[in-house]
Amino acid sequence: MYSLSLSPEQHEFRDTVRAFVDGEVNPVALNAARLDLGDRNPPLEVLRSASRVGLRSLALPEELGGAGADALTCCIVTEELAAGDAGVAAVLGETAALARALFAAMSPQQRERFLPAFLEDDDCHLALADREPGADKALGIDYHRPVPQARALDATAVRSRDEWIVNGAWERVGNAGLARLFAVLARTDDGPALFLVPQGAPGLTVTEDPEPRWYHGSRGTVTLKDSRIPLDNRLPAGAATRGGEVPWPLAVNLGIGRAAYEAAVDYAKLRVQGGRPIVEHQAIGTKLADAAIRLEAARALIWRAAFAADRPDAVADASLPDLPHAAMAQAFAAEAIYRAVKDSAECFGAMGVMRDMPLQKYVNDARICLYGEGGTADLKLRIAEAVASYRRTPSMLAAE
Amino acid sequence: MDFALSNEQRSWQMTARKFAEEEIKPISLALDEAPDAHGTFDWDIVEKGSKLGLRTLAVPKEFGGEGTDYVTQAIVMAELARGDSAISKTFSQNWKWSHLIAQACNAEQKERFLRPFVADHRFLLGKGITEPSAGSDNRMPPKDDPKAGLKLRAERRGDEWILNGEKCFIANAPVGKLFFIDARTDPNAPLRQGTTMFLVPYDTPGFRIGKVFNKSGWRFYRNGEMIFENARVPHANVVGHVNNSDMKTEAAGDRTGGDIFGDLELAANALGVCDDACEAAMKYARTAKQGGRPLFDQQAVQLKINRMNMLTEALRSLVMRIAWEHDRKIHSANAGLAMNFSTDVIQEVTELNLEIHGGAEGMAGRHAEKLTRDAFIWSHLAGDSVQRLKVAGRLARMAAH
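Chains as they are written, first to last, in my numbering: chain A, 1 to 400; chain B, 1 to 401.
A portion of the hints provided could be inaccurate.
Claimed, not checked - To spell it out: a stretch of chain B is covered by chain A in this simulated footprint if at least three of its residues, at any positions, have a beta carbon under 8 Å from a beta carbon of chain A; those stretches are:
{"hint": "1", "stretch": "114-124"}
{"hint": "2", "stretch": "136-146"}
Unchecked claim - For the chain A half of the interface with chain B, some residues (derived, Cβ under 7 Å), not all of them:
{"hint": "3", "residue": "A138"}
{"hint": "4", "residue": "A283"}
{"hint": "5", "residue": "G349"}
{"hint": "6", "residue": "M354"}
{"hint": "7", "residue": "Y390"}
To be verified - Pairs of lysine-lysine, DSS-like flavour, derived with a Cα cap of 25 Å:
{"hint": "8", "chain 1": "B", "residue 1": "K289", "chain 2": "A", "residue 2": "K137"}
{"hint": "9", "chain 1": "B", "residue 1": "K151", "chain 2": "B", "residue 2": "K177"}
{"hint": "10", "chain 1": "B", "residue 1": "K51", "chain 2": "A", "residue 2": "K269"}
{"hint": "11", "chain 1": "B", "residue 1": "K177", "chain 2": "B", "residue 2": "K143"}
{"hint": "12", "chain 1": "B", "residue 1": "K51", "chain 2": "B", "residue 2": "K25"}
{"hint": "13", "chain 1": "A", "residue 1": "K269", "chain 2": "B", "residue 2": "K18"}
{"hint": "14", "chain 1": "A", "residue 1": "K380", "chain 2": "B", "residue 2": "K177"}
{"hint": "15", "chain 1": "A", "residue 1": "K137", "chain 2": "B", "residue 2": "K177"}
{"hint": "16", "chain 1": "A", "residue 1": "K269", "chain 2": "B", "residue 2": "K151"}
{"hint": "17", "chain 1": "B", "residue 1": "K143", "chain 2": "B", "residue 2": "K110"}
{"hint": "18", "chain 1": "B", "residue 1": "K110", "chain 2": "B", "residue 2": "K283"}
{"hint": "19", "chain 1": "B", "residue 1": "K211", "chain 2": "B", "residue 2": "K110"}
{"hint": "20", "chain 1": "B", "residue 1": "K48", "chain 2": "B", "residue 2": "K61"}
{"hint": "21", "chain 1": "A", "residue 1": "K380", "chain 2": "B", "residue 2": "K283"}
{"hint": "22", "chain 1": "B", "residue 1": "K48", "chain 2": "B", "residue 2": "K18"}
{"hint": "23", "chain 1": "B", "residue 1": "K147", "chain 2": "B", "residue 2": "K48"}
{"hint": "24", "chain 1": "B", "residue 1": "K151", "chain 2": "B", "residue 2": "K61"}
{"hint": "25", "chain 1": "B", "residue 1": "K61", "chain 2": "B", "residue 2": "K110"}
{"hint": "26", "chain 1": "B", "residue 1": "K18", "chain 2": "B", "residue 2": "K283"}
{"hint": "27", "chain 1": "B", "residue 1": "K177", "chain 2": "B", "residue 2": "K51"}
FYI, nobody ran anything at the bench for these hints, they're computed from the structure.
Positions of the beta carbon are idealized from the N, C-alpha and C atoms, including for glycine.
Please put together the full structure from these sequences, using the hints given.
Pasting the structure below:
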């Protein structure tokens, strides 16, 4: 059954978060000092308020104390948040997605130790440290070729009586500066494993990445030096790393685009030049029409990717073609939204480039989605491999 | 056809290139990354460039300037922009208005303003047209709304004019020493019949600079508000005739140099930025490695570099042709078309460069990102759609004749 209807819960989530953004996010995000690219620290007070309305544990299953939102609902919520502030949306998106993956993977004893603290502490964000310095995530030159050899992890976890001694360094760790609980990937005698490391663990150092930031939210480097971690902090084998593949970063991009577009529509109705509101001029009207088309097309693909994440059997029952839906949605959305944001900013004339005005921030935020890590260029290579049915074997994927 | 430069043109090109490489480029990124709008400017570079003649390049030789032709000016703008687009614009903005002084001011005004401009290495020029409620209305006045357009009021009192109102988004406002100000002298007449242009020195009583704007691109190039509170300007400072402002109208043609020079200026500046981006992209693609091999080994990267250079060379051909046509007083809509084209080209070329760099990380990536911010200014210069419509209008009028 083909249906584009949202469920009553999804409507409710959207309305609640939209009201939250109006009331709590926008007054902070639209402040001139925060619009200026000089201040990109995620506002902690806003993150706390968001946690109190359940957005930190949005994707955590209901039986574990979360809202149990599916991928599509997460995308709807993330878009609303990002329309207010991309940084806030990114921090909450990462924590919510990781909560779903990590707490589901934990043993009952681990859940008992870590879940209550996570649920009670509005400041408890999560981070996954799984990328080592020098690790090359790009497909690039290896397009349509087998990866030469698996790269062993440098980080090690060595068992010493009743503890693990963990040493390692990880970079580009999302939420690094805010996380109260890290999952770090290290090599053991019996293969790679994830270890739970709380903030304040001995030997743990976190450094936020230097300005200018080319990411949304928080990101940094994590190092562990001779850190002694309780034996029971090793996650069971097979723990999912990335959070159930909720395509929330795409929804961050969408929210940025919508914010710019809505601002442009409002302004075009107010600003009078040429004897009438500028929206009544074809040059501006068609720009806004193009922006609307691009945003709706992007949303359609993003929601389809979310639907694919929520319905693992969608390919098997031929509801969806066997294609990398999230990658395709990301590649299309990043380009389409960047164009929409630039056109929206242009409607503002000189104000579109002033640092105390929101448009230049939307342009910058959209540019990060397009040219940042995992930008469209490499995505297209991965999509091309899929289109040609070039399948990477599990060992090839593990090596990447 | 002959594409060769004269010895003099070649010599100016070398002077500008050396200055851009040795003086501008080393300071460009640090100034761009200054946190506030006041840290982005540097008088030393203005003085150094001025001593080479780069501030007075367009002033006729009889007034002590360099008296160069448009081809030279286009080449120098592009070379300087290769070091920093906004620094290039800071110099060429003076050429734009020194053309105006030389062409539209009377002999007494030239003596009074052009001489001190030439003599002082820190003397910068500006022009105030835009106001908070009058942007594109000044460029395309609506036929059905005669009151549209700038509102700054000038009223005659004896030998003086009293100016009241404000200007907004004015280039060089916080650093300029002399400004051309368009003011409404007949509030009941349509814009072009009721506006007069005044020469207003920065220390005019009742005139001050308000907010200094903090832009996301072109950060060296200062921009601010102008506030007039009973500012007193002598009648001797009226440019041309009362109620007949030599605004950037087509009627003014190449008499003022303002309009057509402005089109050429943006296209030539964009060309320099594109050259910088092409050079940076090639360097990065040949040195940065992925999977143990230079990025350049990838077809996807080669195709981007091809497109960047293809667009840049097309722009170069157009820019040089426009400059050559200006020197021969050949009138067409080509300069406007070149400016419109340069907006598309500079953005695509700098964005491809940023894409090759994989974002704004590291020194090379930060430079690539800066170029995209500078390039985006083109969409906001005097309203990009408005400029395209103006050019179309001009083409239609030419077709009608």
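Tested hints:
Counting residues of the stretch 114-124 of chain B whose beta carbon lies closer than 8 Å to any beta carbon of chain A gives 0, which falls short of the minimum of three for the stated coverage. With 6 residues having a Cβ less than 8 Å from any Cβ of chain A, the stretch 136-146 of chain B passes the three-residue criterion, so the hint holds. Hint status for A138 of chain A: holds, given a least beta-carbon distance of 5 Å to chain B, under 7 Å. Because the closest C-beta pair between A283 of chain A and chain B is about 4 Å apart, less than 7 Å, the hint holds.
Against a cut-off of 7 Å between C-beta atoms, the interface hint on G349 of chain A holds, since the closest Cβ of chain B lies about 5 Å away. The beta carbon of M354 of chain A is positioned within 7 Å of a beta carbon in chain B (closest approach about 6 Å), and the interface hint is therefore held. A hinted interface residue such as Y390 of chain A counts as satisfied when its beta carbon comes closer than 7 Å to some beta carbon of chain B; here the least separation is about 16 Å, so the hint is violated. Between K289 of chain B and K137 of chain A the CA atoms are separated by roughly 13 Å; this keeps the pair inside 25 Å, and the hint holds.
Taken as a hint, the K151 of chain B and K177 of chain B pair is honoured in the structure, with Cα atoms around 23 Å apart against an allowance of 25 Å. Between K51 of chain B and K269 of chain A the CA atoms are separated by roughly 49 Å; this puts the pair beyond 25 Å, and the hint is violated. For the hint pairing K177 of chain B with K143 of chain B, the CA-to-CA distance comes to about 35 Å; that exceeds 25 Å, so the pair is violated. Only pairs whose Cα atoms come within 25 Å are accepted, and K51 of chain B paired with K25 of chain B is accepted, the gap being roughly 18 Å.
With a CA separation close to 49 Å, the supplied pair K269 of chain A and K18 of chain B exceeds the 25 Å bound. Pair hint K380 of chain A plus K177 of chain B does not hold up; C-alpha atoms about 53 Å apart against a cutoff of 25 Å. Taken as a hint, the K137 of chain A and K177 of chain B pair is broken in the structure, with Cα atoms around 54 Å apart against an allowance of 25 Å. Restraint check for K269 of chain A and K151 of chain B: the C-alpha separation of about 22 Å stays at or below 25 Å, so the hint holds.
Distance restraint check for K143 of chain B and K110 of chain B: the Cα-Cα separation of roughly 35 Å exceeds the 25 Å cut-off, and the hinted pair is therefore not satisfied. Between K110 of chain B and K283 of chain B the alpha-carbon distance is near 47 Å, which puts this suggested pair outside the 25 Å criterion. Between K211 of chain B and K110 of chain B the CA atoms are separated by roughly 30 Å; this puts the pair beyond 25 Å, and the hint is violated. Between the alpha carbons of K48 of chain B and K61 of chain B the distance comes to roughly 20 Å, so the proposed pair stays at or under 25 Å and holds.
Using a Cα cut-off of 25 Å, the hinted pair K380 of chain A and K283 of chain B holds, with the two alpha carbons roughly 24 Å apart. A C-alpha spacing of about 12 Å is found between K48 of chain B and K18 of chain B, which places the hinted pair at or below 25 Å, so the restraint holds. At roughly 45 Å between alpha-carbon atoms, K147 of chain B and K48 of chain B are farther apart than 25 Å, so this suggested pair is violated. With a CA separation close to 37 Å, the supplied pair K151 of chain B and K61 of chain B exceeds the 25 Å bound.
Straight-line distance between C-alpha atoms of K61 of chain B and K110 of chain B comes to about 13 Å, which keeps the hinted pair within the 25 Å bound. A C-alpha spacing of about 19 Å is found between K18 of chain B and K283 of chain B, which places the hinted pair at or below 25 Å, so the restraint holds. At roughly 18 Å between alpha-carbon atoms, K177 of chain B and K51 of chain B fall within 25 Å of each other, so this suggested pair holds.
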